[in-house]
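Required output: the full structure, derived from the provided sequences and hints.
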Amino acid sequence: MYLEQSFHKQISFSSFLFENDFLALFPEIFLVSTGIFLLVYGVITSTSKSLNYPLLSYNISWFVIMAFLLTAILIYNNPINNAVLLYNTLVIDDFTQFVKIVCLLSSACVVSISLQYIKTEAGNAFEGFILILFAVSSMLFLTSSADFISLYLAIELQSLSFYVLAALKRNSEFATEAGLKYFLLGAFSSGLLIFGCSLIYGYTGVLSFSECAKIFAAGDSVTNESALVSLGIVSILVGFLFKIAAAPFHMWSPDVYQGAPTPITAFFVITPKIALFAVFLRVFLQSFYDLFPIWQTLIIFASLSSMLVGALAALSQNQIKRLMAFSSINHVGYLLVGFACASIEGIQAVSIYLVVYIFMNIVVFSILLINMRHTHNNGLPRIKYITDLAFLAKTNPLLAFTFSITLFSMAGIPPLAGFYSKAYIFFAALGSNLGVCAVVGVCASVVSCFYYLRLIRIMYFSTPKTWCSTARVPRTNAFALAISLFFLIFCMAYPAPLHLITHKIALALC
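According to this note's numbering, numbering within the sequence shown proceeds without interruption in unit steps and concludes at 510.
Keep in mind that the hints were calculated from the coordinates and are not lab data.
Treat the hints with care, since some could be wrong.
Straight-line C-alpha distance at most 20 angstroms; calculated EDC-like pairs for lysine to aspartate or glutamate [claimed, not checked]:
hint, residue 1, residue 2
1, K504, E345
2, K273, E173
3, K384, D290
4, K214, E121
5, K384, E177
6, K504, D94
7, K273, E121
8, K273, D255
9, K181, E211
10, K384, D93
11, K504, E127
12, K181, D255
13, K384, D94
Keep in mind it's a predicted model, so treat the numbers as computed, not measured.
What follows is the structure in structure tokens.
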């Protein structure tokens, strides 16, 4: 009788744990289920003769936007805010909740500013937006990863979606080349990542980030100075630097961003870096914090290389998407400076910079995704080269003004949000005795002013070779431009809300 009661208690207790785990993961389950439903709906409906083979890209893109927004609402209202789930496999706290909401909202913005592109060029390629949905789902799991197995599986699920997205335009040689390069170098970086994880597991016997932290915190000098541990940390770090396209592991980035369709490029530039920085901040500041000297030097080297390579290589670019790729590498360098600080101020600086970075790139790609009209024909070209911006100030002064303000912010001109975010990074570096990073960062920022201001000069002072005018700006693009511009201008005037939120999530990580 006693054994039977104990058995029933154990079953009910296990069910209770199981129920709570899935209650905490309900937003992720909802998003994945929505993706599966949309995939089945798209496959069946698009091949239906009775429905006359409808084009579904536009409809499915709206479903994806609504799924992102509903998932963000579910995460915000999740009754379980702090928990360790599925036997220390996943974790939920204020930091993960913030990063998930930012990923979802930024992805919704990327899809919404691409709606006009979908109407004119995407045809019936609805698979791309479902792949974006699955990629974002993997980012949510990646952000919550609490051990090396869940980390690797989430990164691989994300990467598989990215490889297909890069080569989505099958009739384009550039897209095929971009997908192949991304696949080869992405597979190499994933191999390095799992190799490093296996070395750490082989030496410690645990996979959990928190358990690794306990072992290294209590370990003797032999443990912490082991060549296997050092090699494992370096392998994980190099794999991470490949994923975020930090110099000197950035070779794939310009070609992939140039060859992929513009909405996919916007997605690559904006969203993945948020989840990747979030999870690797957790890995290195939680698991390997006591091995700080091993990885700090490498991150400092990568940050200096990224700032200099991004700033100098962008000077010679004539294509706008390649210029944005090197600009992204430059911004990654600033983010790595905050990473190298390994302090609450550094985490807060990285969080602030990521939010500002998202708004700036949303403005840039909102403009790049707007159709243009030639004055003498009905063609609908898009901005491809930097010289294509020459007509913008003459035909749409408001759009040119918005673009100029964003470029000033990217260059770090006060009093815009870009200056505030860079200043916070530099002050965090000075507080952690990383004066060299701060000085190099200021110099790289000065160099980057040249190519940002060159775009403004072309817009206002160059004569276009062929006159174009912007098509009517879609409401979704106009809304994204207005919100982003408002944030970039007024963030410096009242930064307290962003400062308080990022400070709270930095405390949650530490």
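The hints, checked one at a time:
{"no.": "1", "hint": "K504 / E345", "result": "holds, 11 angstroms"}
{"no.": "2", "hint": "K273 / E173", "result": "violated, 26 angstroms"}
{"no.": "3", "hint": "K384 / D290", "result": "violated, 47 angstroms"}
{"no.": "4", "hint": "K214 / E121", "result": "violated, 53 angstroms"}
{"no.": "5", "hint": "K384 / E177", "result": "holds, 18 angstroms"}
{"no.": "6", "hint": "K504 / D94", "result": "holds, 8 angstroms"}
{"no.": "7", "hint": "K273 / E121", "result": "violated, 27 angstroms"}
{"no.": "8", "hint": "K273 / D255", "result": "holds, 18 angstroms"}
{"no.": "9", "hint": "K181 / E211", "result": "violated, 36 angstroms"}
{"no.": "10", "hint": "K384 / D93", "result": "violated, 42 angstroms"}
{"no.": "11", "hint": "K504 / E127", "result": "violated, 38 angstroms"}
{"no.": "12", "hint": "K181 / D255", "result": "holds, 8 angstroms"}
{"no.": "13", "hint": "K384 / D94", "result": "violated, 40 angstroms"}
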